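Peer 1: Place chains B, C and D with the ligands on chain A using the hints.
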Amino acid sequence: MSGMNKQGRPTSIGGAIPVMHETFTGNRALQLEEALLFELDNPGACGVDLDEPAPFTARLGNFERQGRIGLPSVSEPEVVRHYVRLSAKNYSIDAGLYPLGSCTMKHNPRLNEKMARLPGIGDIHPLQPVKTVQGALELMDTLAHWLKELTGMPGVALSPKAGAHGELCGMMAIRAALIARGEDEARSRVLVPESAHGTNPATAALLGYKVDSIPATKEGRVDLEAFKAKLGPDVAAIMLTNPNTCGLFERDIIEIADAVHEAGAYFYCDGANFNAIVGRVRPGDLGIDAMHINLHKTFSTPHGGGGPGAGPVVFSEALVPFAPRPYVVHGPDGFRLVETAEDAKADGTTPFGRMTAFHGQMGMFVRALAYMMSHGSDGLRQVAEDAVLNANYVLASLKNDLSAPFEGPCMHEALFDDRFLKGTGVETLDFAKAMIDEGYHPMTMYFPLVVHGALLIEPTETESKQAIDLFIATLKDLARAAKSNDKERFTGAPYLSPRRRLDETAAARSPVLRWMPPAPKQAAE
Amino acid sequence: MSGMNKQGRPTSIGGAIPVMHETFTGNRALQLEEALLFELDNPGACGVDLDEPAPFTARLGNFERQGRIGLPSVSEPEVVRHYVRLSAKNYSIDAGLYPLGSCTMKHNPRLNEKMARLPGIGDIHPLQPVKTVQGALELMDTLAHWLKELTGMPGVALSPKAGAHGELCGMMAIRAALIARGEDEARSRVLVPESAHGTNPATAALLGYKVDSIPATKEGRVDLEAFKAKLGPDVAAIMLTNPNTCGLFERDIIEIADAVHEAGAYFYCDGANFNAIVGRVRPGDLGIDAMHINLHKTFSTPHGGGGPGAGPVVFSEALVPFAPRPYVVHGPDGFRLVETAEDAKADGTTPFGRMTAFHGQMGMFVRALAYMMSHGSDGLRQVAEDAVLNANYVLASLKNDLSAPFEGPCMHEALFDDRFLKGTGVETLDFAKAMIDEGYHPMTMYFPLVVHGALLIEPTETESKQAIDLFIATLKDLARAAKSNDKERFTGAPYLSPRRRLDETAAARSPVLRWMPPAPKQAAE
Amino acid sequence: MRYLPLTETDRREMLGVIGAKSVDELFRDVPEHARLEGLVDLPRRQGEIEVERALAKMAAKNVSASSVPFFVGAGAYRHHVPAAVDHLIQRSEFLTSYTPYQPEITQGTLQYLFEFQTQVAMITGMDVANASMYDGSTGCGEAVLMAHRVTKRKKAVLSGTLHPQYAEVVKNLSDFAGYDLEIMPPALPGKVEDIAAHIADDTSCVVVQTPGFFGELVDLRPIAEAAHAKGALLIAVVPEFVSLGAVTPPGEMGADIVVGEGQSIGNGLNFGGPYVGLFATRQKFIRQMPGRLCGETVDADGKRGFVLTLSTREQHIRREKATSNICTNSGLCCLAFTIHMSLLGEEGYKRLARINHAAAVDLAERLAKVPGVEILNQAFFNEFTMRVSKPAADVVDALADRGVLGGVPASRLLPGAGLDDLLIVASTEINTDDDRAAYAAALEEVL
Amino acid sequence: MRYLPLTETDRREMLGVIGAKSVDELFRDVPEHARLEGLVDLPRRQGEIEVERALAKMAAKNVSASSVPFFVGAGAYRHHVPAAVDHLIQRSEFLTSYTPYQPEITQGTLQYLFEFQTQVAMITGMDVANASMYDGSTGCGEAVLMAHRVTKRKKAVLSGTLHPQYAEVVKNLSDFAGYDLEIMPPALPGKVEDIAAHIADDTSCVVVQTPGFFGELVDLRPIAEAAHAKGALLIAVVPEFVSLGAVTPPGEMGADIVVGEGQSIGNGLNFGGPYVGLFATRQKFIRQMPGRLCGETVDADGKRGFVLTLSTREQHIRREKATSNICTNSGLCCLAFTIHMSLLGEEGYKRLARINHAAAVDLAERLAKVPGVEILNQAFFNEFTMRVSKPAADVVDALADRGVLGGVPASRLLPGAGLDDLLIVASTEINTDDDRAAYAAALEEVL
Ligand SMILES: Cc1ncc(COP(=O)(O)O)c(C=O)c1O
Ligand SMILES: Cc1ncc(COP(=O)(O)O)c(C=O)c1O
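Chains as they are written, first to last, in the working numbering: chain A, 1 to 525; chain B, 526 to 1050; chain C, 1051 to 1497; chain D, 1498 to 1944.
Extracted from the complex, chain A is given alone in its bound form (with noise of 0.2 Å):
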């Protein structure tokens, strides 16, 4: 453990050091405010150097824009210190332990950045002659095989754009293949547990479907008897998460594959939490029919806060026949692209249509590539390993500090309840914002649903022991801290953040969401 980590110092609200708290410029230190862009506005400056083209007869009819835009002027050196000072105020992986649970913040090799900048893969265009993108429909087929193998799918489509729309092409192949059964005005029912992730009912509402809930028992997993109930011929699919988004394994994985397939439905899988078991179970061997990967969650494609993903698809058998365009296929004269609906009759597949312009998320496909490749099949084996092992010491280390609603073993991530905070006054989010202060990203707190005030620890397999350590302690002393009274530390914070607690209500009750630019003034005054 570091020597400068302050373990066992007891801590403290206000008190005896002289701290200065307002500055004149409202900087603390390397804690800087920053304008607004829009606020830095000095018209005459500029961030680029572009020579006015020669005199020429313009060809834009009657749309030439008239008038100002709006934009500011700001020169580079500006420009860079703006957005330099607004990093300066985010938490990041390189930073700390980032423990959002579902989310699966883990290492991002700065290798794949590389790659992914390239001039044979970042400069190429999509609709370039085939001929001159060999080497990107290779990678592409490459990846395809890598997630094949390691699903044990026979199919994938990498097109769609994020773990969302990975669902939305799941369901949508289902539902294809179910008009091809002439089966699908009978099926508009899919079953979803409580405990899904919100786009796993939205998906399913956004093509029409009924959602409907499946409880959990008291174990965090499917009710294998209640679900047997909801099954019937109205159903099309089950969307179901494993490991589950409680950190479980669904023990019942293979009956409830076998129920839904004799029920003539489908089973949507949702993968996001396939990090937990990649190399070591195929998800093909559970009887799933469609499943998609986060690649930025399992492979490390980075958040970027907030995006881009990918999510490709893998498919059954069944399910193949109807997987979207574009896909690539390796002829005898190499690598050749099925793009539109012509090709798929010519290449003598059916697919359903089409998630998205172009090809998919080539920018994410190679640094998931990058990622497998470094890792291999005996890495990836172990990062699962690692992912459940970081997990379970965690869960373990703190049961009895927090309150573990399910039993052990965990997969990738442990969840814990509200119950040890009963009558501190401290709540979840008091107790996640107070992680804050000690440096920490807060993990996911009330999600999933089925578990009161839900705090879900995703550590993934690139956090050391040490860090884990020291994470372990610290919330140790948090829960130590709500449980004697020293409720001030959580509901006040975070103290030390660029930010205090930012009121959310008043921003959705009357939203502002774009800068405007202030009222001239009156001349009078």
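In short, the hints are calculated from the structure, not lab data.
As the structure is a computational prediction, the values presented were derived from the model and not from experiment.
A few of these clues could be false.
[As the list claims (entries may be wrong)] BS3-like cross-link-like pairs, simulated, lysine-lysine; straight-line CA separation at most 30 Å:
id	chain 1	residue 1	chain 2	residue 2
1	D	Lys1558	A	Lys131
2	C	Lys1107	A	Lys114
3	A	Lys345	A	Lys131
4	A	Lys487	C	Lys1353
5	B	Lys870	D	Lys1668
6	D	Lys1651	D	Lys1688
7	D	Lys1818	B	Lys755
8	A	Lys148	C	Lys1107
9	A	Lys483	A	Lys422
10	C	Lys1353	B	Lys1001
11	B	Lys743	B	Lys755
12	D	Lys1558	B	Lys673
13	A	Lys114	D	Lys1558
14	B	Lys743	B	Lys753
15	D	Lys1668	B	Lys735
16	C	Lys1111	A	Lys131
17	A	Lys131	D	Lys1554
18	A	Lys114	C	Lys1111
19	B	Lys639	A	Lys114
[Stated by the list, open to error] Which stretches of chain A does chain D cover? Using the computed rule of at least three CB atoms under 8 Å from a CB of chain D, they are:
id	stretch
20	77–89
21	101–111
22	440–453
For every residue, glycine included, the Cβ atom is placed at its ideal position computed from N, Cα and C.
Peer 2: Only chains B, C and D with the ligands this time, still in chain A's reference frame:
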């Protein structure tokens, strides 16, 4: 001015708002503590994957290394986090105004970083066959051309590694010329103004010269009479900085040059402040014989926390024949390098020798050239004008709040002394440290030596008026506070930085210059 | 393995704390026959050197846009991205952070999203914009669904100006979600598309692209009028966002929703993704918008700050009642967009647009002189369509053999539509005069 | 101009505050005839696109090491630099900060310097190291001056193992500073250099390189003994720092000062610079060291922190009495070094060294089979010298024509020394078996 700045808010120490000042981890939200690398050691972890070579017969003789070196074993995620966390403890130009006088902390364009990383620039070996590096030699030749045009001097040696190394190079050329004239023995004295940067006397002394100090006038410039009185047949050279380290142009520079030359000596100019006059004044028009140019100042190659830099030296006709190897020549078959004494003989020149292995700081050359080409002749002139304008604006705005020892106009930097702090109990150092809490890097302090408690402010041309206005307002507020007895704000400062004032005396008294493994614990305890 | 910090010793100690004998025990909930005993059939771990070598080899098989005269567009455009952009988006604090759900320690992301929303709203001439969609095509699909929600109608009309793959995406979504759709035939430049005639009382929206797929600028005003007269919305689609530096924005021509592809600003070609969907609308529709929104507020000390807001529209709160299922969006691409736009500013953005237009006009003039070429467009921005005297696909292939990437044959996206002789060509600020001369010369050879 | 934030309005306002009519007034101290009225005769400002194009064009005229089988060494070595290194050194906080004179807000730089010093001391087997010199060659010059200070003597002896350009740098400095020097003739592998015989009572130091310029490893122990017996110091020079992962460090063989070139770790070839000089010595000599030193201390709250220390040795405090005139050093290259070394760690560093050695042994074995080649070395690390049957300079040229960069002819650095048939060849972890096979094949063709 930013709406987020708290100008006009009173500053107080301690106070009523509950400020949490100790955390369990020692972290303060985004301000994170970080252990020493060695404390992260975890044998078995490793940040690279290298395969053991296939068995082979070593040919190391008896020199196989035995035993542990002691290097820590750390995985890549931990290494990345270590340095990201360390970085967050640094101030930088990208974070804010960095007004270090004489150091020229200006914006570092990222284009230049990108250019330095082109494989054809960053990934070529200095001893490849010259026919495989024609573009590199062209680049050096182009840079040389720009430097000669900008300075109005006929020759340049590119190889010196930094400013001080350039000084050495220039003084060696002077010495070589004196040797050629048979006057080396006779000329043993070098005149250096009191206000000179430490490298000037150190350089002269390194070459065995007696350093003779020239006093300054009340106007902060070389005392012409005193200087002339010091001239004599034993003087080898004068080393003069112009604009000088008080930020002033040496008005009598041409008279000085004439007198130097009349006395049979040479005129070395420290060109660290060339940024003040680039494009407006050519040192060649001032009678200078040799001058180094800090590419890392005037031409914005990044300072990198202390280096690397580059210090090319331009030469007058008198010194060109002695310029060191290597240099580039353009012949009928393209560019050639004159590397060895033999090459030079063939080329008919008489270089004094060699400053360094290989050919100099190519990585800096490309950055500097990209910077020059971006600005062009017009932009570079504007650089000088804006640098001087910004400095004069600071001087004019603060001269009534701080105390200015010399009349303006100044050149690229504004010098203040500590008279304004008289009787406040606040010293220059305290004043500077209080700036840290306000989010500023302090200016250069206690330099130049000709002024008491000097505060030397160089805003550079890449600061906006808005940024400078806030800086000025902050210094005014600090000056006001110092004068109104708010002493604690200064003497205890900084309060808000990652570390508070560090004990430099203790560090020097019993130096700890490296980490040592902790002594093994005694078994009995 | 370099990315895995745990050592065997760590693992043993941790298993001890957990009270498990082996890691296998932790996987005991996995049905036995589904537990893989050995390794999957894939290569073992590799070092950086090997991975880099393998991927660089693939990359080397592609012709990169920087290596040839390059004129390919049709929905993705090669522009110069200032070096500062790529540098800044790689900062750890941006690259390796998550969606800003904890605003106290994600003000960096939140503030740039707020600024991004403002820029998009200003440029499109709309009131508000969201914090991005996946890309232009999926944004287009979402816009149609939103129009259905707003109008409570079920039928959209897609103009023949719309990028065929965008149309396919809308159709796919529309079909599966059970909505109606009318897709008009390709709208060739020179012929006016009478879309107003297709707007009926049950039409929820019309979707029109400008510059259109064939490069032609479209007058949205009459379409907006016709749509509004029937209570329908006008959705304007702008895949080349640089155009709005020179061209009247849809917001000033009556559009109700503007969907854009932001790739052109700050983002590379990337073989088609990731890109960034821009989505702007009128204030009154904000509660029907899909995607994340960032809003201004204050913190406990009264200081200005930003938060994600109106999340009651979103799946993580509203689940099956959400306006969209989108979760992860295009965060980092927004950042690239907004940084590049900040560098450009008002003047730079407009000038960039003028340079693009000049480049395309120059190219059109040069190519028009090549025998066998007819330029179809009247009013265009940086892209136009030409009729060539041989099948366009063959022409493009033959040009590629001569080291020129000359554009997109319409038949690649619209096979069997009788458009085999049409070639869509773009020119931007990255093309030099030499590039355009090389194109004309090569085309002359090929035709 | 994109880097200049001031606008004409700003300038006017600021001149007003200053009380000047024009900026010319601010330059009034410049003698009139030295004021340039017009612009210097150089091109005008250019945008990023143009600058990038021009420099890329120059770059394209060079054969980059990554594009061919590459075996050039002789003081600069191509190694794989992990991607994390280059990413991290570009962080604004490292790249755009100054020398850490204000320790409260430069702990980042200071801590890595402290760690760097520790790594260098450990690897060389010495007590302490400084925070870097410009490069190995100038560090070597400084080491000789330091030895003169320590011993109060004036004469150095340079072994024939020393890189000829290092020797030139030392000679240059030594001559101008008025010291004596003996430079021994090139020490070819296979012949033992009797340097001990050249150590006299007035000898301040002997300077020996290992691996030597011709790749041969040198036994420093007898030299150290001989030097110490006469009260002289042994300065060991290590230009290929990867070697110390496999080879006994100078500190264990009696060296008093170790000078290294750190380029091999974390830093690219860069056509010769910037590189990073490593400088280590015994505790007792610290006050005679040149360059910056970082030391540990505590802050006002008692927390551990770091500062630059012992600056009374340095020019900014001591001026003409300083131990050196060095100011700016190689900060960012130290950072690259220390990050790469952190990634390597004990195991990685040693393994990297073994891989290098294996690569060179394999290459030597392959080339030895080529008719006309004789390998001279007995004990070497990743570099060796071969005698070839034609002038080595011609051989290297002919190899280059065949797309192989085959090494450095000794005659390039030692012309006229009768060594025209010697070729110095290095192989590192970046070379594949195919690379080495290609070399052997090309060499066979050429000889
Ligand atoms: C369980 C689960 N399902 C689906 C998703 C949606 O994935 P994405 O954000 O990539 O659309 C997430 C991501 O947050 C998730 O955690
Ligand atoms: C006036 C002056 N001269 C010389 C130098 C030395 O230059 P360098 O640090 O590049 O060796 C400096 C830099 O600090 C300086 O300011």
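Peer 1: Keeping to a limit of 30 Å between CA atoms, is the pair of Lys114 of chain A and Lys1558 of chain D held or broken?
Peer 2: 24 Å, holds
Peer 1: Take the C-alpha atoms of Lys1353 of chain C and Lys1001 of chain B, compute the straight-line distance between them, and say whether it is at most 30 Å.
Peer 2: Holds: Lys1353 of chain C and Lys1001 of chain B sit about 24 Å apart, inside 30 Å.
Peer 1: Between Lys743 of chain B and Lys755 of chain B, is the straight-line Cα distance small enough, at 30 Å or below?
Peer 2: With a Cα-Cα distance of about 19 Å, the restraint between Lys743 of chain B and Lys755 of chain B holds, given a limit of 30 Å.
Peer 1: How does the stretch 101–111 of chain A fare against chain D when you require at least three residues with a CB closer than 8 Å, holds or violated?
Peer 2: Contact hint for the stretch 101–111 of chain A vs chain D: holds, 3 residues under 8 Å.
Peer 1: Report holds or violated for chain D covering the stretch 77–89 of chain A, Cβ cut-off 8 Å, minimum 3 residues.
Peer 2: holds (count 4)
Peer 1: Against the 30 Å threshold, does the CA-CA distance of Lys1558 of chain D and Lys673 of chain B hold or violate the hint?
Peer 2: 24 Å, holds
Peer 1: Keeping to a limit of 30 Å between CA atoms, is the pair of Lys114 of chain A and Lys1111 of chain C held or broken?
Peer 2: 17 Å, holds
Peer 1: Run the distance test for Lys1818 of chain D versus Lys755 of chain B: straight-line Cα separation, threshold 30 Å.
Peer 2: Holds, at roughly 21 Å.
Peer 1: Need the status of pair Lys743 of chain B, Lys753 of chain B: alpha-carbon distance at most 30 Å?
Peer 2: 17 Å, holds
Peer 1: Hint check: Lys1651 of chain D vs Lys1688 of chain D, CA-CA at most 30 Å. Holds or violated?
Peer 2: With Cα atoms ~29 Å apart, Lys1651 of chain D and Lys1688 of chain D stay inside 30 Å; holds.
Peer 1: If you look at each residue in the stretch 440–453 of chain A, do at least three have a Cβ nearer than 8 Å to any Cβ of chain D?
Peer 2: Since 0 is below three, the answer is violated.
Peer 1: Would the hint linking Lys639 of chain B and Lys114 of chain A be met if the CA-CA limit is 30 Å?
Peer 2: 13 Å, holds
Hint violations for this structure: number 22 only, all remaining hints satisfied.
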